[in-house]
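Novice: Chains A and B, in that order, are what the protein sequence lines are. When you line the first sequence up against my numbering, it's residues 3 to 152, in that order. When you line the second sequence up against my numbering, it's residues 3 to 152, in that order.
Hints may contain errors.
Repeated chains share a single entry, so a pair holds when one copy, or any two copies, can fit it.
Derived lysine to any residue pairs resembling SDA-like cross-links, with alpha carbons at most 25 Å apart [stated by the list, open to error]:
id	residue 1	residue 2
1	K28	T99
2	K115	T99
3	K119	D12
4	K146	G63
5	K119	S68
6	K112	R4
7	K28	S64
8	K112	I32
9	K112	Y87
10	K28	G69
11	K112	S42
Source of the hints: derived by calculation from the structure; they are not laboratory data.
Number of protein chains: 2
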Amino acid sequence: MRRAIALSLDMMRAGRGGPFGAIVVKDNQIIGEGYNKVTSTQDPTAHAEIVAIREACRTLGSFSLSGCEIYTSCEPCPMCLSAIYWARLERLYFANTRTDAAAIGFDDEKIYKEIGKPLADQRIPTTQLLAEEGTAAFREWEDKADKVPY
Amino acid sequence: MRRAIALSLDMMRAGRGGPFGAIVVKDNQIIGEGYNKVTSTQDPTAHAEIVAIREACRTLGSFSLSGCEIYTSCEPCPMCLSAIYWARLERLYFANTRTDAAAIGFDDEKIYKEIGKPLADQRIPTTQLLAEEGTAAFREWEDKADKVPY
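Make the full structure from the sequences, and use the hints.
Specialist: Structure (C-alpha cells):
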C-alpha cells in the first residue's frame, strides 16, 4: 500500500493527473503499477486501477488476474471496481474512501448513485434502438464453436 | 447504430472478442469506433465502449466528450457506463440489454448487483489500510495551485 500511496503523491506532484495510485500483486511481487493519467494523456478511462490492471495483464499475458490482489490509494470508482471484477482479482485493499474522494471534488460517489438507478432515471438520457438487429450478434455468439469466453 | 452492430458482428466473427461494438458521434460524424478486444489483446478493460471513448478522446485531443453521443450494440456494463459518465458523454443509445447479455453468459448484470452492495457485502474481500498515510495526497491536491480538475 505504501507503494500505491507513493505513486499517488509523486505523480500528482509531477502533474500527471489526480492523486491516485494502484499496484497489482501476485505472489508478493508487483506485476503492474498505475497512477491517474486522465489529464496528461487525455483519456478519461486512465484511472490508476485501470492502468495497473492493464499493465499486470501485459505482464502475465492474460486477461485474467485470478490469484492476484490490488492495492489502491483510494476506494475504486464504479468503473474501476467493475474492472476489478472483470479482471477476476481476488482481493482489494484501499486507503482513502469514496467519501474522501467526493470531499476533494471527484465524482465517484455521484456516479455510484447514478448507475445504481434504472437507466430511465439516470442523468444521461438513454434510448434503445434496433433491438431486433442487435440480437443477431448475440445469437451467433451462442452458437460460435471457437469462441473464447471471458 | 447500424455501424455499432456491424462492428459487433464482424469483429466477433474475426475472433477479436465478445459480440459488442460501439461508436462515438459528434455533429453527426463518427469520431471513435470500438469493438470488444478482451481476449485478442489480453485486456479485460478493452470493452467496445472503452475502446471507442479512448479513440474519440484521441481524435479530439481532450478527456471530455461533452457534446458527443455514444451508440453501443449492448447496454453498457457498469465499467463502461461509469466511463461514459467520466467522459461527459451526453446521450447513450443501445440495442441489446444487460439481460440479453446475461442470457448469453456475460457477467454485466452480476457485476451491477455486486457493486450496488456495501463493500463489506461484496464477493471480492476488501480491506482498508493506511488511511492516515493515504490522506496526505488528497490534502495536497486540495491546495495544489496548478491542478487540472476533471
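Novice: Taking the earlier hints as the rules, which of them does this structure contradict?
Specialist: 3, 6 and 8
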